Structure formats: structure tokens, C-alpha cells
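**Q** Next come the chains, spelled out residue by residue.
Number of protein chains: 2
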Amino acid sequence: MSKIPVLEIFGPTIQGEGMVVGKKTMFVRTAGCDYSCSWCDSAFTWDGSAKDEIVQMTADDVWKRLQEIGGRRFNHVTISGGNPALLKNLNGLINLLKQNEIEVALETQGSRWQDWFVQIDDLTISPKPPSSNMKTDFDKLDDIIHQLSERNRLKYVSLKVVIFDEADYQYAKGIGERYPQVPLYLQVGNHDVHGEDIENLTSNLLDQYEQLIDRVVQDEQLNDVRVLPQLHTLVWGNKRGV
Amino acid sequence: MSKIPVLEIFGPTIQGEGMVVGKKTMFVRTAGCDYSCSWCDSAFTWDGSAKDEIVQMTADDVWKRLQEIGGRRFNHVTISGGNPALLKNLNGLINLLKQNEIEVALETQGSRWQDWFVQIDDLTISPKPPSSNMKTDFDKLDDIIHQLSERNRLKYVSLKVVIFDEADYQYAKGIGERYPQVPLYLQVGNHDVHGEDIENLTSNLLDQYEQLIDRVVQDEQLNDVRVLPQLHTLVWGNKRGV
Ligand code: SF4
Ligand code: SF4
Numbered sequence: 004m005s006k007i008p009v010l011e012i013f014g015p016t017i018q019g020e021g022m023v024v025g026k027k028t029m030f031v032r033t034a035g036c037d038y039s040c041s042w043c044d045s046a047f048t049w050d051g052s053a054k055d056e057i058v059q060m061t062a063d064d065v066w067k068r069l070q071e072i073g074g075r076r077f078n079h080v081t082i083s084g085g086n087p088a089l090l091k092n093l094n095g096l097i098n099l100l101k102q103n104e105i106e107v108a109l110e111t112q113g114s115r116w117q118d119w120f121v122q123i124d125d126l127t128i129s130p131k132p133p134s135s136n137m138k139t140d141f142d143k144l145d146d147i148i149h150q151l152s153e154r155n156r157l158k159y160v161s162l163k164v165v166i167f168d169e170a171d172y173q174y175a176k177g178i179g180e181r182y183p184q185v186p187l188y189l190q191v192g193n194h195d196v197h198g199e200d201i202e203n204l205t206s207n208l209l210d211q212y213e214q215l216i217d218r219v220v221q222d223e224q225l226n227d228v229r230v231l232p233q234l235h236t237l238v239w240g241n242k243r244g245v
Numbered sequence: 004m005s006k007i008p009v010l011e012i013f014g015p016t017i018q019g020e021g022m023v024v025g026k027k028t029m030f031v032r033t034a035g036c037d038y039s040c041s042w043c044d045s046a047f048t049w050d051g052s053a054k055d056e057i058v059q060m061t062a063d064d065v066w067k068r069l070q071e072i073g074g075r076r077f078n079h080v081t082i083s084g085g086n087p088a089l090l091k092n093l094n095g096l097i098n099l100l101k102q103n104e105i106e107v108a109l110e111t112q113g114s115r116w117q118d119w120f121v122q123i124d125d126l127t128i129s130p131k132p133p134s135s136n137m138k139t140d141f142d143k144l145d146d147i148i149h150q151l152s153e154r155n156r157l158k159y160v161s162l163k164v165v166i167f168d169e170a171d172y173q174y175a176k177g178i179g180e181r182y183p184q185v186p187l188y189l190q191v192g193n194h195d196v197h198g199e200d201i202e203n204l205t206s207n208l209l210d211q212y213e214q215l216i217d218r219v220v221q222d223e224q225l226n227d228v229r230v231l232p233q234l235h236t237l238v239w240g241n242k243r244g245v
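From first to last, the protein sequence lines stand for chains H and L. Read in order, the letters of the first sequence correspond to residues 4 to 245 in this note's numbering. Read in order, the letters of the second sequence correspond to residues 4 to 245 in this note's numbering.
Simulated from the structure, these hints should not be mistaken for lab results. These figures come from a predicted structure and were not determined experimentally. All C-beta atoms in this analysis are idealised placements derived from N, C-alpha and C, irrespective of residue type, glycine included. Among the clues, some could well be false.
[To be verified] For the chain H half of the interface with chain L, some residues (derived, Cβ under 10 Å), not all of them:
hint, residue
1, Leu144
2, Val238
3, Trp239
[Claimed, not checked] Below, a list of computed lysine-lysine pairs in the DSS-like style, where the Cα atoms sit at most 27 Å apart:
hint, chain 1, residue 1, chain 2, residue 2
4, H, Lys176, H, Lys91
5, H, Lys176, H, Lys101
6, H, Lys158, L, Lys158
7, L, Lys101, H, Lys176
[Unchecked claim] With beta-carbon atoms standing in for the labels, derived distance ranges:
hint, chain 1, residue 1, chain 2, residue 2, range
8, L, Asp195, H, Asn103, 26 to 36 Å
9, H, Glu180, L, Ala170, 40 to 50 Å
10, L, Asn136, H, Lys143, 21 to 31 Å
11, L, Asp195, H, Glu169, 31 to 41 Å
12, L, Gln102, H, Ile57, 48 to 58 Å
13, L, Gln184, H, Arg156, 20 to 30 Å
14, H, Met4, L, Lys143, 29 to 39 Å
15, H, Gln184, L, Asn155, 18 to 28 Å
Based on the provided sequences and hints, a complete structural model is requested.
**A** Following this line, the structure appears as C-alpha cells:
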């Protein structure tokens, strides 16, 4: 049976971001990313710092582990990374979860297509704005959205852009214009992914959230949008595994 | 043309709660409620304290006012109260908004049916738990959910229960069991609807939010659920008109 590089399995907790914000879920975090965003809050998945924690697991191993720690206290699993879309063989795990009546959410930056995208119940595509120092391959992203649309999957898909500065904001507007048929979520960037002073972090994040709201409400070219903070960061700061 | 008792029109801002949390929207708040919840955060809509601010407006008046203050900076309007479901003639406003390609959200406690429920894009039914001191009429609520289901509207509907204490939590579980086909949102109650110390309020709300998450993640009878704070209260405290 083929294996998946897994860095963390934890939960149940709540999803703090995006299209199913607040949803009770388990998390499976895969290792490896084709990007290296300047502000990545999961850099340990690709920068080598946690390479000893990576475990090669079969779909069955992951499902067993999910049940071990989650018991019967979940019906939803979120697969995140890193970029889980690097893993062609993730279909085994997705099938196994669906067979067990588990809903599956997944987040990827939209740099690669996988055929199993059409099985995901809540697919978040999160292209990275200029502040990440990454460059979006729009041919690829166009193709991903086109394929999802052709297969009538857009109701299970959202776009999410993290905003740190004005250039990011303009980038997000471009995404909204380019893919008007896909729900767009704007998320406040966390400037301090290592900060440990949670009260400070919370009040900074809420200030930045308010500023982003102010910007959006004044902008007539950005009406069909949802603006969210990261709830898990407000509650738990930068702690891992919650 | 028939008139609607309106207490506030404001926005654009973001929806801080529930099924379209984060959505850029305008608000229209109608006056009058058939309930008097102990912790009502909009008691001015029914307790007489703002009776001089109530304006009787036609649908045209409301639409004009929305455009005056919102310009072209919105495509979504949220109607809240009080209980807007007291107003049979709200269909005029709803039709006018839809003709202008505006999406319409509405919140009601589920004590009355109106035929125009089937035109609402995001209908939040928020039955009140024991701490409100109100008593849910479950025959009525069953009938509302049944009618929405018959007309194939459940994908536009959610249930939301505000949680202050253990009895409320049990009530919310009962709602989830009774209407498994309707998405359920749990929301942290705001114990201090008059508090003006926003930092204190934020940190209390986040503490209570964390406690509610802890309770939910341990509960195997409450899996299919989303747990949310009130984002507008985190950002703006108890201020009106934001
Ligand atoms: S795509 Fe995601 S996981 Fe990869 S570097 Fe960027 S933020 Fe980190
Ligand atoms: S139903 Fe809503 S508006 Fe009416 S009293 Fe209760 S909380 Fe207030």
C-alpha cells in the first residue's frame, strides 16, 4: 500500500479559517511544499526543521490514528500541509474517509491539479499574493478552476487570499475579477507567526482585521467577498496542534 | 404602498455571525419583537427605549436609503430585528432587492412563518435556549423547517443557537438531533451586552469561545456543527451601527 508523508494528526478541534470556519474537524497535515512563502506559518512542513517528525503512513494507518485520537467525536477531516496536492496517492485516504462517511476538506495553493480534487467536500484554493515572494502560475490556476467548473464542483470550492499589504489587496481583487464564479475569502495575515504573547497577538490581529474590513467596505469593486480573521490564532495564538 | 417599521439602516460592514460570517453586507433592522430575551442585544428594537427612532418606510424608501449610504459598495443586504418575521409585507422589500440583484439574508427566532422565507438567500433561524427565559414553540418550529424542506430550501437555511450555559448547550444538542438535515451553528453568548471596555470584552468572549469549543470537541453527539464567536463584538464591542 502506498504511503503518505504525515507531519501531524490532531483534533478534534475547529477549523479557524475560510469556507468552513468554525467547523468541528480533525486535521491531517502532510509534509512537503513546492512553495516557500516568506510568512509561511507551517514552514516546519518543508524547511527541514521537523523532518524527524515525518511519518510515512498508509491510508489505513492514518484512518486508525484518526480514530485513536478522535474516537467517535468527528465526522469531518481537514487535510492541510505543506501542499497536499503534491501527493497523487492521497486518493486512497480520501476514498477511505468517504467510505466511512467522513467529509473531507483540503487546502492547497493551486499550483498543481490532482484528479481527487473532485472528491473533496470543501476545497480551499489559496493562491499566494506578492508578499509571499511566490509567483502565481495563472495558466495552472485557470486550468484548475476550469476543470472544477467543467465537473460541476464549484459549489464545493472557494478561493482564499491572505492579505498583508496593499499589493496583496490588489492581487486579491485581481483574483476576484478573474474567477467571479468562485466564492472569495480574504484573510488577515499574521505578521508574527512566532510571537508568544497571545494578548498582544490577538489585539494586533483584531486591529489588522478591522483595517482590512474598512478597506473592503469602501471598495465598490470588491462586493462579493467574505473577510475573516484566523479564529484559532485569536484563541490559541501560534501554538501547534490545536 | 405599505410601510415597514425601520430602526436602523447601516453599512456596508461585515456580517459578524452565522452562516455567512464575514460577508460584506448592508443591514436593515426592523422594529418589534414577539420575544423579550433576557440577554437580547437589540432590546432597543422592542423595549420602547428607541421608539422615537422608528421610521415607517416603504420598500422604495428603504432601497433609496440603502443606495444613499452604501452607494455601489454592496450586493448583499441583511434584514434583522427584533423579529422581521412579524412583518408580512416585507415581501415588497425582498422583491425589490432581488430585482436589483441584491442577495438577501434574514434572521428570525422561528416563532412565525412567512411565505417570503422561500425567497431569502441566507435564512438564519435562531431558536432561543432556556437562558433567554423564552419558550420555544416546537410545533411552530417543526412546521417552519418542514415547509422549507418541502420547498427544497434547506440549502439556504441554517439554525443558530446562542449558548450561555449548560442548559443552553443541552438545548442546542436537542435542536441538532431534531433537525439533522439543517446546518447547525453554535454561537458564544455575550454576557455583557452593555460593557464598554472592549479589551476586557474581547478577552472574555475569546475565553468563553474556547470553553465552548472544548465542550463541543469532546462531545460525540455533536459532530456536525460549526462553533463561532461574534466577530463584530470582538472588533467593535457593543457599539451600534457597525
Ligand atoms: S504554500 Fe502554504 S505551506 Fe507552502 S510555503 Fe506557502 S504558506 Fe507554507
Ligand atoms: S428574539 Fe432576538 S430580538 Fe427578539 S428579544 Fe430575543 S434576542 Fe431580542
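**Q** Next, verify each hint and record whether it holds.
**A** Verification of the hints:
1. Contact between leucine 144/H and chain L, as hinted, is not supported at the beta carbon level, the nearest pair being about 23 Å apart and thus beyond 10 Å.
2. Interface restraint check: valine 238/H against chain L, minimum CB-CB distance 5 Å, threshold 10 Å, status holds.
3. Because the closest C-beta pair between tryptophan 239/H and chain L is about 8 Å apart, less than 10 Å, the hint holds.
4. Straight-line distance between C-alpha atoms of lysine 176/H and lysine 91/H comes to about 31 Å, which puts the hinted pair past the 27 Å bound.
5. A C-alpha spacing of about 35 Å is found between lysine 176/H and lysine 101/H, which places the hinted pair above 27 Å, so the restraint is violated.
6. In summary, the hint linking lysine 158/H to lysine 158/L is supported, as the alpha carbons are separated by about 11 Å, within the 27 Å threshold.
7. The hinted pair formed by lysine 101/L and lysine 176/H meets the criterion: a straight-line CA distance of about 25 Å does not exceed 27 Å.
8. Aspartate 195/L and asparagine 103/H have their C-beta atoms about 43 Å apart, which leaves the hinted 26 to 36 Å range violated.
9. One distance hint, 40 to 50 Å for the beta-carbon pair glutamate 180/H and alanine 170/L, holds here, with the actual separation near 49 Å.
10. Against the hinted window of 21 to 31 Å, the Cβ-Cβ separation of asparagine 136/L and lysine 143/H comes to about 57 Å, which falls outside the hint.
11. Checked against the hint of 31 to 41 Å, the C-beta distance between aspartate 195/L and glutamate 169/H comes to roughly 36 Å, which is consistent with it.
12. A beta carbon spacing of about 56 Å between glutamine 102/L and isoleucine 57/H agrees with the range 48 to 58 Å that was offered as a hint.
13. Evaluation of the 20 to 30 Å hint for glutamine 184/L and arginine 156/H yields a pass: the beta carbon distance comes to about 22 Å.
14. Under the hint 29 to 39 Å, the C-beta atoms of methionine 4/H and lysine 143/L, about 53 Å apart, miss the expected range.
15. Checked against the given bound of 18 to 28 Å, the beta carbons of glutamine 184/H and asparagine 155/L, roughly 22 Å apart, stay inside it.
Of the numbered hints given earlier, the model fails hints 1, 4, 5, 8, 10 and 14; all others are met.
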